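Trainee: The residues making up each chain are set out below.
2 protein chains.
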Amino acid sequence: MRAVIIVSGGFAELGPEGEKRQKLVEEIAKKYGIRVIGPNCIGILDNFSGVDTFFLPEDRLRRPPQGHISIVSQSGALLSMWIDWMAMKGMGIAKAISYGNKMDLDDIDFIDYLAEDPYTKIILLYIEGLKPSRGQAFIEVVRRAISKGKAVIALKGGRTERGFQAAASHTAALASGYEVYQAVFKQAGIIEVDTMEEMFDIAKALLMMPPAKGKRVLILTNAGGEGVLATDYASRLGLEIPVLPQFIREELRSKLPPHVVVSNPIDLTGDTDDERYKIVLETILPKNIVDIVIVIAPPHPPAISGKIVDYVENAYKEFGIPIIAVVTGGYIAEEYIKKFEDRGIPAYQTPERAAKVAAALARFGEILNKFSGKK
Amino acid sequence: MRAVIIVSGGFAELGPEGEKRQKLVEEIAKKYGIRVIGPNCIGILDNFSGVDTFFLPEDRLRRPPQGHISIVSQSGALLSMWIDWMAMKGMGIAKAISYGNKMDLDDIDFIDYLAEDPYTKIILLYIEGLKPSRGQAFIEVVRRAISKGKAVIALKGGRTERGFQAAASHTAALASGYEVYQAVFKQAGIIEVDTMEEMFDIAKALLMMPPAKGKRVLILTNAGGEGVLATDYASRLGLEIPVLPQFIREELRSKLPPHVVVSNPIDLTGDTDDERYKIVLETILPKNIVDIVIVIAPPHPPAISGKIVDYVENAYKEFGIPIIAVVTGGYIAEEYIKKFEDRGIPAYQTPERAAKVAAALARFGEILNKFSGKK
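These protein sequence lines map, in sequence, to chains A and B. Per my numbering, the first sequence starts with residue 1411, numbered consecutively. Per my numbering, the second sequence starts with residue 1411, numbered consecutively.
Worth flagging that the hints you see were computed from the coordinates, not collected in a lab. These figures come from a predicted structure and were not determined experimentally. We put the beta carbon where it would ideally sit given N, CA and C, even for glycine. Any given hint could be a false lead.
[Claimed, not checked] List of simulated lysine-lysine pairs, DSSO-like, C-alpha gap at most 30 Å:
#1 B:1697 with B:1780
#2 B:1665 with B:1531
#3 A:1623 with A:1727
#4 B:1749 with A:1614
#5 A:1499 with B:1780
#6 B:1596 with B:1717
#7 A:1748 with B:1614
#8 B:1748 with A:1717
#9 B:1499 with B:1541
#10 B:1499 with A:1748
#11 B:1697 with A:1430
#12 A:1749 with B:1531
#13 B:1749 with A:1499
[Unchecked claim] Label-pair restraints from in silico Cβ distances:
#14 A:1437 with B:1500: 54 to 64 Å
#15 A:1436 with B:1500: 45 to 55 Å
#16 A:1646 with B:1412: 38 to 48 Å
#17 A:1461 with B:1745: 26 to 36 Å
#18 B:1587 with A:1436: 58 to 68 Å
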């Protein structure tokens, strides 16, 4: 089968005149059995085969390393920026596809393809609107991707009336309002995100951590205020921050200095050393009372030596419960974030971002339970 | 008057035993007329006089340059991390105050002081709870700061039931639920933020840009999808993205290539050069139809040379309407963010962050109108 990518704009996105032009191209393609990506797109980047139709040179747009995230985007420009950002962050990509006006091939075709792609573990979607009456097919392909253990994360453009109008003005006409998409995303098992930042924060964590088995979060901190903020945000996102059972509190009490706040969050306070983190993790994680751990580990306290990174890594390896680290601060915090991530622990600058990621790990756990068939 | 900072913990935050101890200290202080900051705090950093009681050395906790942001924080640990983060970002600070258990001096005293401080233009608050019956005094001092043109931004810890309990466990007992604080913040003219990131994003913009005179936002982009996302977010935050009047659309049509989307957002499309931004800004800004501009300026398109930074700076200087830049991407985007900020234009990686900042500029305009007396 012959296949073509039409990068040029000047088609349906420009109104009646362009629509006519696109119709003509469509007829020709159909007649000769040619499948088309575009028009009005930047084409594809296949980071394993090396196919790269992005027309910007490396000095304008860097290419990320090989990895397991694939992106399907209605907007070529957004896709370019994300690719460039991922390259800076060293975040690996498998395939990136920009489909523009989707005269022929659309989101559903690409998700269908990525569901089978051995390199793709996470599928990111930027989507303004599906083609009319493709909702059911969309749900089916997303579920198929999920049945292979893949996570599908969507950022929807055109969620408000003005945003919808803006989207309609630069791509083909849109079929439905946001409520319909929310329902479709939910049915399909998609993790919907609110911002770009959240999308990549969650993608990073899903590559490093297994989905959570439930919603119970342990928050461990040496900074009371940051524990409070993490608790607020996690609660609002529907996570539980369970009160620790009496026997565990007693066990912790016996192992920790008396001024440590043995609750949830557990506040190790500013004179903590790395060992207190180890004690808490080794006491609580074997007891099956939490599903996710947020470890708030600013490295500023004088007695923190850095062993905390080993302790967190070991706890994750031993108990298999997903752990997310928060390290707020300047250069020393950035160093610790890098150290955590080199050991496979996703780490973030703020408790709010970590809480959103925790909620996504819980949501992906639910989704897999529901749709993967692996109970 | 003698004054003391008590850094030590081991007081009211530890329950009845500690409360007794704190009461004793309080009586002694009162008897001898000693004013106290703390206990259970890290004290103060005065970046102009050089007084610095933070007990962490520079290699653990860097100090930011002199500047015009002051912070009042119930949590010493949070304050430390923020200071360290600001140092990395080169964000200047005037004074930082951690008050811990506020046995004597509290938020209100410090805001009162900062309202008069000539170096302070922005006051950031991390607040878990006011002392009982200090609500009215709080409203008054905040309004006094605002009457001097200062912005007061608050991040509240303990907004949910579990967060509230966590806050209660590490500072003194709290008086009221979150609804009460929301009402107090609103009455006082505080800009309340939802996350740390938002707090600093907004503080940065308020230092660089005047408050907005209204809620009408112009969104200018070369990336359709990013314009859509900015529109969605700005709409949801209560901003208006007005449809441009017919005569302006015609004027723009006559000056721009036919495939440019002349609407709001204006999509200059991926083949844009820097000049198109200039044309739009110079056509629209003199006509008093928008109050804020979000310029989405990813530098990846081949015809973008960098002059856009001059054009945006000039437009701001000439017309005085606040402008916020969005530059999404990797190293080249980071360079452009720096270039914009060196010229006094606040710039962000994502459209969502810029939209939040735009909403804060509009809110601060409203607040000044209402409380500063300068109509």
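Trainee: Hint by hint, say whether it matches the structure.
Mentor: Going through the hints against the structure:
no.	hint	result
1	B:1697 with B:1780	holds, 25 Å
2	B:1665 with B:1531	violated, 41 Å
3	A:1623 with A:1727	holds, 16 Å
4	B:1749 with A:1614	holds, 29 Å
5	A:1499 with B:1780	violated, 44 Å
6	B:1596 with B:1717	violated, 41 Å
7	A:1748 with B:1614	holds, 26 Å
8	B:1748 with A:1717	violated, 35 Å
9	B:1499 with B:1541	violated, 33 Å
10	B:1499 with A:1748	holds, 18 Å
11	B:1697 with A:1430	violated, 37 Å
12	A:1749 with B:1531	violated, 37 Å
13	B:1749 with A:1499	holds, 21 Å
14	A:1437 with B:1500: 54 to 64 Å	holds, 58 Å
15	A:1436 with B:1500: 45 to 55 Å	holds, 53 Å
16	A:1646 with B:1412: 38 to 48 Å	holds, 44 Å
17	A:1461 with B:1745: 26 to 36 Å	holds, 29 Å
18	B:1587 with A:1436: 58 to 68 Å	holds, 59 Å
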